[in-house]
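Chain A is fixed; fit chain B onto it per the hints.
In case you want the letters, here they are:
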Amino acid sequence: MVGFFFLLSLWMGYWCVIQAPYLSTHPRNPRLQLVESKIRRGGIYARGGEALSVTTEAESGFVRSFVGPLSAAHVVGYSHPRYGKTGLEAAWNRYLLGVAGGSQLARAFYEAIGWGWSGWDAVTTLDARLQEAAAAALAGHQGALVALDPKDGSILAMVSQPGYDPARLAALLEGQGEEGSLFNRATQGQYPPGSTFKIIVLAAALESGAIKPDRLFDDRGSVTIDGRKIQNANGRAYGPIAIDEALAYSSNAVFAELASELDPRALYDVAVRLGFGARPPLEIAAAAGRLPRPEELESAVARAEVGIGQGALLVTPLQMALAAAVVANGGWRVEPRLLVGFRTPNGQWQPAPPVQPERVLAPGTAQVVKQAMVAAATWGTAKEASRPGVVAGKTGTAENPHGEPHAWFVGFYPAHEPKVAVAIVVENGGWASQVAAPIARRFFAAVDALDL
Amino acid sequence: MLRLVVLALAVGDLALLLAQAGRDGAFDMRHLLAPAGYTGAYVLLLWYLGKRVQGGLADPILLSALIALTGIGLAALARIDPAMLARQLRWFWLGVGGFLVAALAPVWRYVGRYRYLWAASGFLLLLVTALFGVELGGARSWIRLGSFQFQPIEIVKILLVFYLSAHLAEAKPFLSAPRPGGGGWSERAYLGPLVVMGFLFVFVLVAQRDLGGALLLFGLVVAMLFAATGLIRYLVAGGLIAALGASLAALFFDHVRIRFLVWLDPWSYSRGYQIVEALFALAAGGFSGTGFGRGLAHRIPAVETDFILALIAEELGLLGACGLLFLLAVICVRCLAPAFDPALEDVERLGALGVSLLVALQAGLIVAGVTRLLPVTGVTLPFVSYGGSSLVASFLQVGLVYNRLRASARSEAGRGSGVTQWREV
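Residue numbers (my numbering), protein chains in the order written: chain A, 349 to 800; chain B, 17 to 441.
To be clear, the hints were calculated from the coordinates, so they are not data collected in a lab.
A portion of the hints provided could be inaccurate.
To be verified - Here are the computed distance ranges between Cβ atoms for each label pair: (1) A:R376 / B:M45: 37 to 43 Å; (2) B:V22 / A:F354: 25 to 31 Å; (3) B:H271 / A:E522: 40 to 46 Å; (4) B:S427 / A:F352: 27 to 33 Å; (5) B:A102 / A:G523: 46 to 52 Å; (6) A:V411 / B:V22: 55 to 61 Å; (7) A:S385 / B:H271: 34 to 40 Å; (8) A:A710 / B:F303: 50 to 56 Å; (9) A:H764 / B:R287: 56 to 62 Å; (10) A:P629 / B:H271: 35 to 41 Å; (11) A:V411 / B:A99: 38 to 44 Å; (12) B:G162 / A:R376: 42 to 48 Å.
Just so it is clear, the structure is predicted and the values come from calculations on it, not from any experiment.
Think of the CB as a built atom: it goes at the ideal place given N, C-alpha and C, for glycine as much as any other residue.
With the rest of the complex left out, here is chain A (with noise of 0.2 Å):
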C-alpha cells in the first residue's frame, strides 16, 4: 500500500517537475496568455534583416503588427489576443516570449515578468525582396509560388494568392474577407501533380534500372493499358524517342508506358524518399498530400495514372519544390526550413541546427533528370521559362475535377549552379506552358536582379 502511494507521487513528478518545461510554456496554457500580455515579444525579421512583425509599446500596452510584405503574412501568421496565433507566430511562440529555456518553470516567469521581460527576435529565411519578386510574378493568379535554396532547405519566399492583410484580421475571421485567403496554399494545398510527376517517374525508373538512360521508345500518341487509352496533350506521335525527349515533351504515352513497366514498390520507395505522401517537417503547418501504396499500384492502370501525375497522387507545392531541389543537388536531400536564427535579448546568437543531406538518389539518376529537365526548358514544353543563365524545369497541366487544369512549374535556376528550386501552381490556370512557364521566367529574372 505504501509502494502504491509512492508510485502515485512518483507519476505526479513526472508532470510536475519532468513534463513541467513543455507544459508551462504551452500555446494554450492560460498562464502564458496571463503573462503574455507583460512580455515585449520577440520580432520576426527577414533573413536581410527587414522586419516582419514587431511589438511596439503604446499607451494601451504593447501592440503587435505586422509590417512585411503582406504576401509573407502566411508565413508569418498572426499573434492576436483574441484570435490566438497562427504560422511562425505560433511555431516559435515561447522562444518569441523568451520562455525557451528548459529552466523557466512558470514561476520563475511569474518573477522575471516584475522586472520587464523581453523576448527573443528571430530571423526567417525568407528574402524580402524576393518574396516580393515572387508576389509579383504570380501577381492575377489564384495559386502559390514555393522558392528555396537547395543547398540547405532554406524557404527564400512562399506566395499563396489570394493573399489576406494581418491588419484587417478582425473583419476576415467574421467572414468579410475573400473566401480561402488564410489558407496557405503552398505547404497546404493538395493538387494532382500532373506531368510535373514525370520527374519523379524518371527519377524512380533510372534508380530501379529498369531503363538505360539511352534507350529509345516508340511513341505512337497513345498508349492502352489494360483497356485504358492514354493520349498525348496535343495528340502528336513523336515517334522513335530518347526518354529525355520525352520527358521534355512531356509525352504522356511514354510516361505512362514507362510507369506501368516499373515495380509498385520501386516507384513508391523513390516516391517516399522524394519527400511525397508524408508531411514535410515545417514548423508551419504543411499537409501530406497523398501518395498510393504499393499495394494500391498493383495493378498496370494505376501505375500508368500515377506515371503522369493523375490518379490518386495529390502533393503540395512545397513537396513538388523540395523534390526539385534533389535534383538540383545531384541527389542530396534536405529538410525545409524557416528559421536562421533567434538572438537572445542579451545579445546571444542561436543559430538553427546544422543542415543534415541525405543522399536519395544516385549522382547519376539526378543528372539524367537534371539534363531532361534542363531540355524542358531549353526546348520543350517548358521553353517559355526559359533564360540565358539555363533553366532546369517541367510544366504540368493537372486534370482536376474543379474546372480548367492546373498549371505547374517545377524546376531549379541557374541549372548548372541552382541558386533556388521552385514550384509555381496557378489554380485552373489551364495550359501551363502559357501560364505557369512565363510566371517562373519572370521569377527567375528577379532571381538574377537581385544577385543572390
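Showing chain B alone in chain A's frame:
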C-alpha cells in the same frame, strides 16, 4: 506523541491562514474564524478521547494524519471560495462528531450478524437513487430531501464493507482452495452471493452513470476477496472482468467512450479541457509550488471535487501534493493495524482491511485520473474534496476502524503490553 498531534494541528491552521490570506491578497482578522473552528473541533475530540474514553488515544499517528489532511483539505477549499469553506466546515464538524460516534458505538458486534441486511439496504439505497435520484454533474447519484441533498453511494460503501467482511469472515476457508473449484459445492455457494451482489451494485451504478462509484465498489469486492484469501486468481479474474466491462461500456455508451478518447488524447477534444488544465496546473506548481493564491487551478471546472489535487499541486507544489499522498498513505496503513490483531474477530479484521482498501482505492482512482494515468472517473479525494456526504462518510469509515484500534489497545493494555504508554500522552 502529543507533540505530533500539535504539529498536525499547526500544519492545518497554517494552511488555512495562508490559503485565505493568499486568496484575498492580505491577512484579515476574519481569517482566524476557520482555524478556530477547525482547531476547536479537534481539541474537543482529543480531549474527549483522552479523558473520557478507555483506549481513546489508541493511535495518535492516525489521528495526526487525519488532522493534518483535513486541515489541508479545508485550506484548499478556503483558497477557492470562503462560502464553500463555511459550508464544508459545518460538514466537517458533523464528520468529527460522526467519527466519535463510530469510534465509540458497539457497531462491530452487529456487523457479522446481519450481513444480508447490509447488502439489501445498500442495494435498495442505490435502487432508490437510480429511480428517484437527481442528476448533478452528469451522474444521477444524488437524493434530495427538502433542501438537503446527499450521495447515497457514500453510505453504500460502508454497507458494502460490512457485508463483505461478514460474508468473507465466514466464507474465507471455503474460498481459499489452491485450485479454482477445489472447494467444491460450498465454494460455489459462498462465491455465488458475492458475485451476484457485486454485479447488482455495479449494474445499478452504471444505470446511474456513476462510473467512478461502479469502479470503486467493484474494485473493493475484488481487492477484499484477494486480501482475505491471498489468491492471485481472484485479482486476475477481477482485472479481466473490469477490462472487459470497461471495453464493453466504451463500445455501447457514448459518455464512457468520450472519457476514454479524452484520456488517450486530451489535446484534441474540448472535453479534455479539464485534464489539460490540470496538467498545466501540475507543471506550473513544479517542485515547490506557486504558493496559495498565485495559481490558476481554481478556474478548472469541478476543481473543488474531482480536481482538488491539481490546485494543491499547483499552489503547494509536488512537495505539498506528495505530502498529501503521504498523509493518505499513513491513514490507510494505520487502518490496516486491526487486520493483523489476532485478538479481534475475523469480521472486524476484514472490516478494517476493507476500510483501508476503500480509502486507498478511492484516492488512487482520483489521483490517477487527475494525472492522466487513468480516465477521470469522478470520485472524491477522501477528506479533501468538497462535499458533505463524502467527508462525513470518510470520517465514519475511519471512525469504525478506530473503534477496533481502541479494542486492540485495550486488550493489549490488559495483557500489560507496551501499548499502555499511549494512554499516558
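For each hint, the structure was consulted:
1. A:R376 / B:M45: 37 to 43 Å: 41 Å, holds
2. B:V22 / A:F354: 25 to 31 Å: 27 Å, holds
3. B:H271 / A:E522: 40 to 46 Å: 35 Å, violated
4. B:S427 / A:F352: 27 to 33 Å: 30 Å, holds
5. B:A102 / A:G523: 46 to 52 Å: 48 Å, holds
6. A:V411 / B:V22: 55 to 61 Å: 57 Å, holds
7. A:S385 / B:H271: 34 to 40 Å: About 38 Å separates the Cβ atoms of S385 (chain A) and H271 (chain B), which means 34 to 40 Å holds.
8. A:A710 / B:F303: 50 to 56 Å: At roughly 54 Å between Cβ atoms, F303 (chain B) and A710 (chain A) fall inside 50 to 56 Å, so the hint holds.
9. A:H764 / B:R287: 56 to 62 Å: 58 Å, holds
10. A:P629 / B:H271: 35 to 41 Å: The hint (35 to 41 Å, Cβ to Cβ) holds, given that P629 (chain A) and H271 (chain B) are roughly 38 Å apart.
11. A:V411 / B:A99: 38 to 44 Å: 40 Å, holds
12. B:G162 / A:R376: 42 to 48 Å: About 43 Å separates the Cβ atoms of G162 (chain B) and R376 (chain A), which means 42 to 48 Å holds.
In summary, the structure is inconsistent with hint 3 from the numbered list given earlier, while agreeing with all the others.
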